[in-house]
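Q: Those sequence lines, one after another, are chains A and B. Sequential numbering of the first sequence, starting at 1, is according to my numbering. Sequential numbering of the second sequence, starting at 339, is according to my numbering.
Because the hints were derived from the structure by calculation, they are not lab data. Here the structure is a predicted model, which is why all the values come from computation and not from measurement. Ideal Cβ placement from N, Cα and C applies to all residues, glycine included. The reader is advised that the hints may include incorrect statements.
[Stated by the list, open to error] Cross-link-like lysine-lysine pairs, in silico, DSS-like; alpha carbons within 27 Å at most:
id : chain 1 : residue 1 : chain 2 : residue 2
1  : A       : Lys-143   : A       : Lys-79
2  : A       : Lys-266   : A       : Lys-242
3  : B       : Lys-703   : B       : Lys-688
4  : B       : Lys-737   : A       : Lys-249
5  : B       : Lys-853   : A       : Lys-242
6  : B       : Lys-901   : B       : Lys-853
7  : B       : Lys-539   : B       : Lys-853
8  : B       : Lys-427   : A       : Lys-249
9  : A       : Lys-249   : A       : Lys-140
10 : B       : Lys-427   : B       : Lys-471
11 : A       : Lys-140   : B       : Lys-894
12 : B       : Lys-703   : B       : Lys-737
13 : B       : Lys-427   : B       : Lys-347
14 : A       : Lys-79    : A       : Lys-249
15 : A       : Lys-242   : A       : Lys-140
16 : B       : Lys-427   : A       : Lys-242
17 : B       : Lys-471   : B       : Lys-539
18 : A       : Lys-249   : B       : Lys-471
19 : A       : Lys-242   : B       : Lys-894
20 : B       : Lys-471   : B       : Lys-347
21 : B       : Lys-464   : B       : Lys-427
[What the hints assert, rightly or not] Partner residues are not named here, just some residues of chain B that face chain A (Cβ under 8 Å, in silico):
id : residue
22 : Phe-353
23 : Lys-427
24 : Tyr-435
25 : Ser-666
26 : Ser-670
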Amino acid sequence: MGQIPASYLMNRLVTLSLTVFIAATLIWIIPRLSPVDPADIMLGRMAAGAGSVANSEEILAQLRANFGLDDPLILQYLKYLWNTLTFNFGLSTASFPTPVSSLIAAALPWTLGLMILSLVITFVIGNLLGALMVWERSPKLVKVAIPAAMVFTSIPPILSGLLLMWIFSAKLRWFPLTGAYGLTVEPGWSWDFVQSVLYHGFLPAMSIVIVTFGFWALGMRGLMITVQGEDYTKLAEAKGLKPRYILYKYMIRNAILPQITAFALKIGLLVAGQVLVERIFAYNGMGKLLYDAILDQDFPVIQGVSFVIILMTALAVFVVDLVYPLIDPRIRHERVSA
Amino acid sequence: MTSPVLTLKDLSIDFPTPTGLVHAVRDVSLTIQSGRRVGFIGESGSGKTTTALAIMRMLAEPGRVAGGSIALGRDQTDVLSLDEEAMRKTRLSRVSYIPQGAMNSLNPVMRIENQLWDGIVAHEGKTDPGELKRRSDAALASVGLPAHTGRLYPHELSGGMKQRVCIALGVILTPELIIADEPTSALDVVTQRHVMQTLTKVQAEIGSGLILIGHDMGLMAQSVDELAVLKDGELVEHGLTRQIIESPEHPYTQELIHSVPLVGGESFLSPAIGAPSSQKSSAEPLLEFREVSKVYGANTALHPMSFALDGTVPQIISIVGQSGSGKSTMGSLMLGFNAPTSGEVLFEGKDVSRLSPAERLHFRKDVQAVFQDPYACFNPFYRVNHALKFPYERFGLSKGAADTQRAMEDACVAVGLDPDLILGRYPHQLSGGQRQRLIVARALMLQPKLLIADEPVSMVDASLRATILKNIYDLKDRYGISILYITHDLATAYHVSDYVIVLYHGSVAEAGPPKEVIGAPRHPYTQLLIDSIPWPDMNRSWGTSRSADDDVLALKKMAEERKTIFRGEVDGFTLRSFAA
């Protein structure tokens, strides 16, 4: 607890940088193992649009030069590393000449908003329900209802999404079918816009929550059973503490610790979005961006999105490493011996 | 003026199980007066903890009180008729519970003082922080812990300190009755004496009744006024401790008293006539340490030491010491689980950390181990046969299925188990004692040259300890296997060993034949260990709480001195330790 030693911070930072560097390198290598030539694809797209392309050889050479595909590999790699670190992921080949970074910048807030909101809701609901499943004093109804609700966990989010759309949008007409905000509102920090975003985001978020809360609930249930058998829980009862106090301060407080690590790992993953959920709700987030990029073989976008995902995961783990000693006194920021 | 603090009348407790009703406690009647200490003694399953939990109304599911009554305190409150909230308020304030697992009894994420405060607040409502602090400091001081302990987290405390925190908690609301459930079973003898004397001191100060649950007759003799002997849920004998120790009436009580191995007492072993043939096949010593040391971070677990165990004549070498003395480190170095920081561990002349894969296989067969926890040694998914059969076949000893079966049966018989009853069962269907004997049987099947037994009997009931030690002794005596016996229990080491090494803080304090080292110790540490053993002898003094405090201080000094006293040699074993 207390101050974070500089050596520990350095050590974590080096790990973070190394992770990001290795990931960036892999992202660069993998597409280069593919036999597809991005210049060919662009030309193909132009040909598909215009019927035929004159001077195709010249255009191809021009494109290759513009994209730096003629440079020696090592130079391409170094350029790539520098650009990646400055968040310059180049131009999208599919929506040429939009910079990839602006595509990501447009999509990321939507995904972060939707996903983090649904993750937080899921985390809270899932862990609470998981805890109540184990707690001896939970109402009988809770103990019957929660396992029954777990059925939803086995439904893929795409189906739950369609189901919710069918019930609440198509039949009841309570929520809009698609989009992230209404067509009539101007994006900006106005109350109307925020309202519209929440209104549009509700169903996609719910479709994620109902299929993922089981993950947390079941994990929490297992952890709670372990904690319930611990001697300190028994002693807490022997101390005559109030049952609710025991539940929060002794049981959940200890059982939640491994779940927090899982939470950090999920944050990174979720930047990728629930690809299919975003797809069916026509929600313009990272998932949809990635999905479209894969369909279009838009390498710069795929690379850029992958990099952002890895960066987010690494950052989330970094943050958890730093805050963990605050929530678990047994973990300390050990001074790293040289 | 004494008054009854607990009256049990015809108490019966049942556990409905799929195979029928189990009567865990049957018609137990007993009265405890204030200020009196009563020991509940019996082996596991005798109903002693179940009775205590019934008084707390904390019986594990599906247990229930089937009959009788429990009356608590001066006003003889009917515990069984209280509602949940009234019962909650009764706990800690009128009857407190000091649990067995000192290591895990405190919430790991909460400071010690917070865990004392929440107990007070749960019973007295919101209390002034200054007042809470004053009371927690006073409670900690009463068990000999400094006030700053309150600011620490449980993992920053030793086992003995944690157990004293639990005692502080048990007395903080001055209850009428304290129930201590094997409060020292996880502690070594020196700490055990310290903790027990702290407990009896604070109990006497507040004048409450005390129930001490345990299975160690020696500890009972030194700690309680009355004894209640339980067997299979029945109270078979109850009376003054002196009277029961000196003239036990029930045969079970007699057995409990006689199962405690004593230093200098009668041997429980039956040595075979004629020396067994040795298993040795190499001219090199069987096991040799060459200036071996082990350092973990800033902590030296083992200071450089050398020894050679020749092995031509099988021997039992005991390594005794408290937890943290480095004895288990020695064990894991011998087994090659850990590489030494400096020096070499040699088995038949070969460095165990540099064996070829083929040599390693031989080494694993030749050196077998028996560990402390008989529960953790079996894979719960396999029948116990698997644990016996698999290594036997893996090491190429089997000559077909019939041979394997015969070898398993022979090994079971050799350790006194009935193969028809044991083989084919799952680990959870066997008792701790049966499991530990199976581990010995398994070691025997592999015909090793050396056995490393690390606290093999510390987790089994006292009545079974002698039997299992006899099994281990027979491995040397009848099968010619040399044994390193690692233990904290000097009395058993006295009986089984040919040579004893007393370790303290990673260096040898005293070494030599057991008659000298344990029978007439010269090193102050060995003397302290022997003085700390609770004897089932009312005329032997166990010291006072003051002397236990002094001894703990004296220990710290000894750690710095690192002096070794050699008490004589035995053939086939040489030891050298290196002074600081």
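Q: So, for every hint listed, does it hold in this structure?
A: Here's how the hints hold up against the structure:
Annotation: proposed proximity of A:Lys-143 to A:Lys-79 is violated, straight-line Cα distance about 58 Å (limit 27 Å). Restraint check: the Cα-Cα separation between A:Lys-266 and A:Lys-242 comes to about 34 Å, which exceeds 27 Å; the hinted pair is violated. For the hint linking B:Lys-703 to B:Lys-688, the alpha-carbon distance of about 15 Å falls within 27 Å, and the restraint holds. Taking the CA atoms of B:Lys-737 and A:Lys-249, the gap is near 59 Å; set against the 27 Å cutoff, the hint is violated.
A threshold of 27 Å between alpha carbons decides the hint, and for B:Lys-853 with A:Lys-242 the separation of about 56 Å lies outside it, so the pair is violated. Between the alpha carbons of B:Lys-901 and B:Lys-853 the distance comes to roughly 20 Å, so the proposed pair stays at or under 27 Å and holds. Between B:Lys-539 and B:Lys-853 the alpha-carbon distance is near 35 Å, which puts this suggested pair outside the 27 Å criterion. About 19 Å separates the Cα atoms of B:Lys-427 and A:Lys-249, which keeps this hinted pair within 27 Å; it holds.
Simply put, A:Lys-249 and A:Lys-140 have alpha-carbon atoms about 23 Å apart, close enough for the 27 Å limit, and the pair holds. Proposed proximity of B:Lys-427 and B:Lys-471 is supported: the alpha carbons are some 22 Å apart, at most 27 Å. This hinted pair does not check out: A:Lys-140 and B:Lys-894 have alpha carbons roughly 56 Å apart, beyond 27 Å. Note on B:Lys-703 and B:Lys-737: the hinted pairing holds, with a Cα-Cα distance of about 16 Å set against a maximum of 27 Å.
Between the alpha carbons of B:Lys-427 and B:Lys-347 the distance comes to roughly 23 Å, so the proposed pair stays at or under 27 Å and holds. A threshold of 27 Å between alpha carbons decides the hint, and for A:Lys-79 with A:Lys-249 the separation of about 53 Å lies outside it, so the pair is violated. For the suggested pair A:Lys-242 and A:Lys-140, the alpha carbons sit about 20 Å apart, so the restraint of at most 27 Å is met. Under the criterion of a C-alpha separation no larger than 27 Å, the hint pairing B:Lys-427 with A:Lys-242 is consistent with the structure, at around 9 Å.
Between B:Lys-471 and B:Lys-539 the CA atoms are separated by roughly 22 Å; this keeps the pair inside 27 Å, and the hint holds. With a CA separation close to 20 Å, the supplied pair A:Lys-249 and B:Lys-471 stays within the 27 Å bound. Between A:Lys-242 and B:Lys-894 the alpha-carbon distance is near 42 Å, which puts this suggested pair outside the 27 Å criterion. The straight-line distance between the Cα atoms of B:Lys-471 and B:Lys-347 is roughly 40 Å, outside the 27 Å bound, and the hint therefore fails.
The hinted pair formed by B:Lys-464 and B:Lys-427 meets the criterion: a straight-line CA distance of about 15 Å does not exceed 27 Å. Taking 8 Å as the C-beta cut-off, the interface hint given for B:Phe-353 is violated, the closest approach to chain A being about 17 Å. Hint on B:Lys-427 holds. Least Cβ distance to chain A is approximately 6 Å, under the 8 Å limit. At a threshold of 8 Å, the smallest CB-CB gap from B:Tyr-435 to chain A is about 4 Å, leaving the interface hint in force.
For B:Ser-666, the interface hint is violated, since its Cβ never comes within 8 Å of a Cβ in chain A; the closest pair sits about 22 Å apart. Below 8 Å, beta-carbon pairs count as interface contacts, and B:Ser-670 has none with chain A, the closest being about 23 Å; its hint is therefore violated.
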